[in-house]
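S.K.: The residues making up each chain are set out below.
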Amino acid sequence: MGKNLYQKVWDDHVVRQLDSGQYQLFIALHLIHEVTSPQAFGMLKDKGLKVAYPGRTFATVDHIIPTDDQSRPLADDMAERMIQVLVDATRENGIEFFAPESGSQGIVHVVGPELGLTQPGMTIGCGDSHTSTHGAFGCIALGIGTSQVRDVLASQTIAMDPLKVRRILIEGELSTGVTAKDVILHIIRTLGVNGGVGFAYEYAGSVIENMSMEERMTVCNMSIEGGARCGYVNPDETTYRFLRGRERVPEGDAFDTILEKWRAYASDAAASYDDEVIFDAVDIKPTVTWGVTPGQAISIDEVIPDPDSADGLEKQLISDALDHMQLQANQPIKGTKIDVAFLGSCTNGRLSDFKQVASILKGRKVSPSVRAIAVPGSEKVDKAARELNLHLIFEEAGFEWRKPGCSMCLAMNPDKLKGDEVCASSSNRNFIGRQGSPTGRTILMSPIMVAAAAVEGKVADAREVFGLLR
Amino acid sequence: MNATKITKFNGKGVYVKGNDIDTDRIIPARFLKCVTFDELGPSLFYDERFDEDGDSKGHVLDKEQHQGAEILISDTNFGCGSSREHAPQAIQKFGLKAVIADSFAEIFHGNCTTLGIPCVTMDKSAREKLVALMETDPYAEIIIDLEELKVICANNIFDINMKESARKAFLAATCDPLDNLLSATDEIARIAAKLGYA
Chain G
5 MGKNLYQKVW DDHVVRQLDS GQYQLFIALH LIHEVTSPQA FGMLKDKGLK
55 VAYPGRTFAT VDHIIPTDDQ SRPLADDMAE RMIQVLVDAT RENGIEFFAP
105 ESGSQGIVHV VGPELGLTQP GMTIGCGDSH TSTHGAFGCI ALGIGTSQVR
155 DVLASQTIAM DPLKVRRILI EGELSTGVTA KDVILHIIRT LGVNGGVGFA
205 YEYAGSVIEN MSMEERMTVC NMSIEGGARC GYVNPDETTY RFLRGRERVP
255 EGDAFDTILE KWRAYASDAA ASYDDEVIFD AVDIKPTVTW GVTPGQAISI
305 DEVIPDPDSA DGLEKQLISD ALDHMQLQAN QPIKGTKIDV AFLGSCTNGR
355 LSDFKQVASI LKGRKVSPSV RAIAVPGSEK VDKAARELNL HLIFEEAGFE
405 WRKPGCSMCL AMNPDKLKGD EVCASSSNRN FIGRQGSPTG RTILMSPIMV
455 AAAAVEGKVA DAREVFGLLR
Chain W
29 MNATKITKFN GKGVYVKGND IDTDRIIPAR FLKCVTFDEL GPSLFYDERF
79 DEDGDSKGHV LDKEQHQGAE ILISDTNFGC GSSREHAPQA IQKFGLKAVI
129 ADSFAEIFHG NCTTLGIPCV TMDKSAREKL VALMETDPYA EIIIDLEELK
179 VICANNIFDI NMKESARKAF LAATCDPLDN LLSATDEIAR IAAKLGYA
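Respectively, the protein sequence lines represent chains G and W.
Each residue of the first sequence is one higher than the one before, counting from 5 in the working numbering.
Each residue of the second sequence is one higher than the one before, counting from 29 in the working numbering.
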């Protein structure tokens, strides 16, 4: 019997079993940012401890950094202080810091892969739940709390219970206008927001095999929204092609050596799984959320669910979600008026996202009633997009082209919804208050669907708006 | 190891109703702007408790009979969403010591355990009965006994479940694993060297 990737990576990185029954797991790559990590350095200081493996931790700023004026000191005093604490702590401890204007700053989950820091077979920890993104490279990539950030800094290890593995096979071929974002929204909608609790998700099947690395990252990114602790894709030629030549990837003979190591991590053909779920690509349509969890999603052609179709607490959840969203049961989601269009985030803020949207947005205009922002995921994404003049296409259409950061995904910087504005968003969470206003409303969707909503001023089917089916 | 072993948690309960209560609701992102966790208590469930002018919306946590509550009770998938430790930190700083729910999101559960907040689960029907008892007498004391895996309230005894590793950590006073992790420095170095990470 063979092993799956999760078992191989786990076995390689286990230091020992602890008395509690948990395992001590070595973390190969630790990524930190300004929101969940400064406190950990304080904890370390209180205990008189030093960073054990400074060369295995990398820092950047993304959550609170403004996307317009990033000049220091920042206008927001507390944001400035948080960045300064991180700058000082990384300097004191000899940790590499990707500062704004360095050419390498960006959302931590965009930066790791594009530099080639993220490599197959690694265990990765970061104080951010969307660390699951890195699983696209065949990693066990875990979101961790601040005390665990402290644990990694002090020992390069965490204490953890082993996970079960569910293989999710998506077979067939996606139809035109159906994207990686629709795939993951469809999976979460079907398996539920807590369906993955206790599991690592292995995404496989022809749809995943045919995806680019950036598409695989979109899928893995939202594993956490399905309740899974992490999600991964087995490394293959697409992975190795993506990594070859990246800044932090070995070259020449050293690359060939590491490549052999990477290949060996892929799940064996005879590997066993704790569970398996199969999806047929033909069932996946452009998908959007109507409620306040990522699982409250429907395809663009469906009507909004009726609380009367459910019982008990579920009925109340639907009804509360509709109240917050100010939506009516049994009505189409298509045509829902929007106020803001947000394109970006660690889910969909990579070059391919902006390229895809630019290819259909050219010559179109954002509806005058819509405020639209495009926020590249990193300085490298920004630079590459500018070299292709993509920013001009966005600006001509009426989008603001911003500087890199998490921006309106969680609205810790000045990019926020106002009042009960509705946002068509390429991000990952539609929780109440997520985009900075307690009464703000978020509708999650793919980048091309955000573009369609921006142009129409309402939720629309990108396939119709941009004539993709012709 | 300096930690004190605590295996019994008792106090008044408060029921925050709802499935999938996410970390953005527990502590909205704007309150994550801090360099220590010390001041997070008052911001717990802020947007559910206060309107835009900062006036109380009459949330259950602010009702007179629940002042000083120490046991938080909720429904399924409590704490889903972000890995922000600010969420359990806010719960603890607010004065809540333990959480009972039908199920928990994993990262939240792990963060709670590290901070010494037990997360225990109950059968749905038992949990509903517990909530009913509390509604009859909001001042009734709830006792969570991790050794016996029981909850006691108003002469009723209920079975509870707890993730085994978390329970062991409470029983051995090793909720915070750091000292334990640091005791394996040589083994860690060996793994690092073996994998080429040294």
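One thing to keep in mind: the hints can contain errors.
Covered, in the sense of this in silico footprint (three residues per stretch, anywhere, with C-beta under 8 Å from a C-beta of chain W), are these stretches of chain G [to be verified]:
hint, stretch
1, 159-165
2, 247-261
3, 435-444
Dumping the calculated BS3-like pairs for lysine-lysine here, alpha-carbon to alpha-carbon at most 30 Å [what the hints assert, rightly or not]:
hint, chain 1, residue 1, chain 2, residue 2
4, G, Lys7, W, Lys152
5, G, Lys49, W, Lys157
6, W, Lys91, G, Lys51
7, W, Lys91, W, Lys152
8, G, Lys422, W, Lys196
9, W, Lys222, G, Lys54
10, G, Lys12, W, Lys36
11, W, Lys222, G, Lys168
12, W, Lys61, G, Lys422
13, W, Lys121, G, Lys54
14, W, Lys152, G, Lys319
15, G, Lys51, W, Lys45
16, G, Lys407, W, Lys61
17, W, Lys222, G, Lys319
18, G, Lys420, W, Lys85
19, G, Lys12, G, Lys265
20, W, Lys61, G, Lys420
21, G, Lys319, W, Lys45
22, W, Lys178, G, Lys49
23, G, Lys168, W, Lys85
24, G, Lys54, W, Lys33
25, W, Lys178, W, Lys45
26, W, Lys91, G, Lys319
27, W, Lys178, G, Lys54
28, G, Lys319, W, Lys157
29, G, Lys265, W, Lys222
30, G, Lys51, W, Lys222
31, W, Lys157, G, Lys51
32, G, Lys49, W, Lys125
33, G, Lys168, W, Lys196
34, W, Lys196, W, Lys121
35, G, Lys168, G, Lys338
36, W, Lys121, G, Lys341
37, W, Lys33, G, Lys319
38, W, Lys91, W, Lys45
39, G, Lys422, W, Lys85
40, W, Lys45, G, Lys420
No lab work stands behind these hints: they were computed from the structure.
As the structure is a computational prediction, the values presented were derived from the model and not from experiment.
Each residue gets a CB set at the ideal place from its N, CA and C atoms; glycine is no exception.
S.K.: Of the numbered hints stated earlier in the document, which are not met by this structure?
M.R.: Result: hints 2, 4, 5, 6, 8, 10, 15, 17, 22, 23, 27, 31, 35, 36, 37 break, sorted rising.
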